[in-house]
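In order, the protein sequence lines correspond to chains A and B. Going by my numbering, the first sequence opens with residue 1017, and the numbers climb by one from there. Going by my numbering, the second sequence opens with residue 7, and the numbers climb by one from there.
Do not rely on the hints blindly, as some may be mistaken.
Some, not all, of what chain B presents toward chain A, calculated at C-beta under 8 Å [said to hold, decoys possible]:
#1 312
#2 499
#3 730
#4 734
#5 737
#6 760
Treat the hints as calculated values from the structure; they're not laboratory data. Glycine included, C-beta positions come from ideal geometry on N, C-alpha and C.
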Amino acid sequence: MKFLHTADWQIGMKAAHVGGAGERVREERLNTVLRLVDVAAEYNVDFMLVAGDVFEDNGVARVLVQRVADAMARSQVSVFVIPGNHDPLIPGSVWEHPAWRSAVNVKVLKLEEPIEVPGGVLYPCPVREKRCDRDPTAWINTSEQEGIRIGLAHGTVEGIHVEEPDYPIPRDAAARRSLDYLALGHWHSVTTYEVSDGSVRMAYSGTPEPTKFGERDSGKVLIVDIRRKGEVPVITPVQVGDLEWLVIERDLRGLGDLVCLREELESIDRPDSTLLELKITGLLAAEDTDELARIREIVDARFAFARIDSSKVKPLPEDENWVANLPAGILREAAARLRALADTSFAEERPEGASPEVAARALVELHAMTVEAQP
Amino acid sequence: MILRSITVRNWRCLVEPVKVGPFSERVNVLHAPNSTGKSTLFEALHRGLLDGHRVSGREVEAIRPWGRSLSPKVMIEFASEGTEYRVTKGFLEAAEAVLERKENGRFRRVAEGDAADGQIRAILGSSPPGRGLARPENWGLAQVLWAGQGNLAITSLSGDLLTDIHASLGAQVSGPRAAPIEERIEAAYLQFFTPGGKLKTGKDAPELVRLRKRLDAAHQKHAAALEQQRGFEEAARRVEDLEARRRQTTRDAEEISKTFKAAQAEVERYRTLSSEKKERSEQLKAAEAQYNGLSERIETIKIARKELAGAQEDVRRLERDLPPRTREIENRDKEAAEAKAALENVRKGRLGVDRAEGLAEDARSFLEGRKRLSDIDDRLKRIAAAQRELTLNKKKRAELLAPDSKALKAIRKALKERDEAQIRIDAALITLEIVPEKRGALMIISGEKTGEVALRAGKSAQVKGAPEVVIDWLGAGRLRASGPTGEIDQLRQVHHKANRRLKQLLEPLSTTELEELEALSERAKELERKAAEMETQVNTLLSGLSVEEIQQERALIGGTLEKILEQRPDWEESPPDGEVLRRQGAETKRSFISAVEAAEARRDKAQEGLTVTVKQRTELETQLKDAKKQVKRLEPRLADLTQDGKADEQRQKELKKLSLAWNAARASVEEIEDKLSVFTEDPVGIASKLEMQLQAIEKRATELLKEEERERGRVDELSAQGPYSSLANVEEEMAELQRQIDDQELRIEAIRLVHDVAKQSRSEVLASVAGPVEASSTRMLQRIAGGRLGRLQLGESFEPLRVLPEISDSSVPLEYVSGGEHEQIHLATRLALADVLSKDERQLVVLDDVLPYTDTGRFARVIRILEEAAQRLQLLILTCHPERYRGMEQAHFLDLEAILRASSE
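Working from the sequences, and respecting the hints, build out all of it.
Structure, rendered in structure tokens:
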């Protein structure tokens, strides 16, 4: 028996954290569905398992439901789906959409009852509400069942640190329910659970397309191969995600650091499929302000999304050149005052709105105006 | 610069060439009457040095002498930084400019034309005018140093001059390199903010304002989308709830349906048992009736037999008892007749009793009548005596002439009024007392009494009168005494009125003395009291009757006594003992009553015995009659009861059989009742209630299904709108807008900070620069005007703004100070600034007819200050009042009139 294990597609997911790139992120998740159907065909699996959260919410636009159903219908093999806590089986849920009736190879499993799959039996654990303290696999009774026994559930494996675990699943659920493999959904990173003999019979496939910056080991599906009942499953992660959620943090220490950073950004492959979060800290020389502007232009032009946080950048203390070159009198006094205000350790009373961040930016603006005013 | 001389021709009123100078390097007072040409010279000075020679236009045309087509010309010799210069300028048709520098004692040309204009300006530190004549703002240092007629006030100074002043004061405010940067700061600031510091709105509003509006709109869209999403979730939850309720209701209906069916089966069983019970109860009732019928018949026969035997025994007994009772009646009847006769006999003693009682009553009446007659006679006597006494008293009172209490009171009042009037008259009279030393006579002419009065030696004589007393003292003269008038007449009227009233009151009386009248009054009261007492006594004795009525009563009693004496004549002589006779009568009566009562008791007893016996015999006769009737009634009934011809034993056997059948029927009924007893409640009622419950819950289930379908339709409708996707879109839009706003805000805040910090720095630098000038001008002002005006405050361009009086917490704008003080403030400021500008080189200060409003005292102080200023400055004072400056030390006076005269000669 060979099948593709995936979960947490989160179709229709809002992406306010990437602002205007939200639509791109959503569209890419639909494309990923098409890609994983291709992966299923490529790996010649017997069927596909989707362990919940196909949709971000039951209130997603119905056209998305239709598009997902259409994409899944392209699969040459059966696709077994359970509702997750994001799209639970409630009145008005996405699972009531007529698209599922026309997608004949897609089986939305709404009941806790074993069904036959090619080579064995599947024990689905559909989710009926957003939150629940009940073990969703508790109903599984595999006695008197022949063939390979697969569980399909959505929840939190005990031990994952969360304040209020939803749908808690024991770490030994696969062994406890005598399952050959328990396909899990809910957590977005690929995670496997070994039993005492070192074999893995329980795993999160993670989301096939990352959902946010800093998400570990996501963008994959699992190909699970079980030769016969009781044999250890062979699990192969396969990359399907397209978007790169890249976080770069740079601490500037001197002149030229920004040039290096720019060159690094320019060397990134497929920037149009990369969402970038660039956090710049440290000390900025006045002469480098143009370089910072250049970096902004580059990432805005090339990347699918870019957010540059330079609020923690401070003017370089040794950078007295341009200040010293300012005409003596008012301007030089003003620049000195702005420099003092840009220092977070400034102890005197600050003028209204004159935070260190604003003062640092003010210095940049003053420098720009000084440069522009030069004949 | 130091002015050496100035030569002018063809300039307004100065047509002929006129040279003024050389000037002293200290104080020069150029004086002349009005319209002589002082201000014309001043004009030629600044135009010759500061205007371009090519200027044209109405203003420069105006300097041409009136009615002449002459070209104005001016030549000025001056020194600057140790070098002597001469500038020659012609205007209009003869436009030219020549700058010469003294070299080796001779002026040599340095520049001509425009170059000359420019070099002169450079020497003087002024900026070139745009077109036309140089305005004061183009004058450079002369803006401060030269004050034209009526233009002492400093309004604002140009940038170059300010720079010079700042430089002179050692402060770098803003230089040529800084200006473009400052302009960019200002431009950047005004791109976002109004000059007042508010964020721009309207068509010039920065992108930030539009972004904020878009964000506000997005917030509204977000609220709507959120509401839609919540509505969707709520609707889904409602469907879930309704589905759960419907399922529960269906389950409840199924449960009730089962219970209802079971109840219906119970109803059927209950009905069958009830029907059987009814049938068996009928059978039981019939068995019971049969048994009771026979049992009752057996008992009735037994009772009838017993009653018949009893009745027959009663007949026999009664027939035995009747004869003795008849005999007893006869005996008792005889006894009653005897007792009755004895009673009649005793009652005959009644006459004796009546006689004894009549005698006793007569005796009592006789004795009481006699006593009553005696009392009446005595009473009549006392009445007659009292009536006589009463008549006597009334006669005495009628004869006594005495005033009653009311009259006496009126007399007393009249006497009092008269006496008081007399006293007041006496007091009002003029009293003239004469004590002669020798005998003589008086003739009273006017007084209370007139006529002659004799005088005795040493004895006082009084004469009274009003309103005057006039006497002739014979042999001595006339005496006249007078006093107040008016009151005496009124008093005399009162006295006369009181006298007349008194006379009326005393007229019917026998005396006029008050004491006698009061004694008479007392006597009259005593007589009246005695008469009243007698009258009371008579009335008491009469007790409401008249004497005639008492006499009639006496006659009636007398008649009664005569009748008794007619029957008892011996009582005339020997009156009876009433008490003895009364006791005898009472005793006789008691004896008689005792005898009668005893006889009556005997008669009653005999009569009662007779009556009882008769009654007993009657009762026996009635009983006998009833017993015979009973026998006659029972005999046929018994025959009827026993007409079945059965024996008693046979009947008992039949009764036993019926008893067994009855018991069997009762057991059968109890068996059914046991079966029915398990039904604690009416199963029909229970079934009926269950049926109603079932109908209600089925109806509820139908309603819930409909409601659920409605809500499901709503969920479908809401989900079709994709509320979450709408929410996602708007939240992303908001995030993007917020990001852009944050960027914009950061930039705008940064530019504002640059602007504000630069502005603050400027203020601080300017304040530090203006400080010494303010201090110097304040010092001068206080020397001129005293400390009243306090501290002078200058603006950024060193223009005087306000004063800060020592006695006030707030500043005072200059428009509120007097005209004299106003010009003194500006003079002090100019001199202070001139001090600053002359730090490196002595400078020319021109004052054209300034301080016209300053009083003489303050003007003297101004002179002293000008003398001190002349140590550092060259002063050129143009005035038509040279006498005001005569006291100035080392002042060089130049009489323009004289100079003009000399020039024209």
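Status of each hint after checking the structure:
no.	hint	verdict
1	312	violated (95 Å)
2	499	violated (110 Å)
3	730	holds (3 Å)
4	734	holds (3 Å)
5	737	holds (4 Å)
6	760	holds (5 Å)
Hints 1 and 2, counting from the list given before, are not met by this structure.
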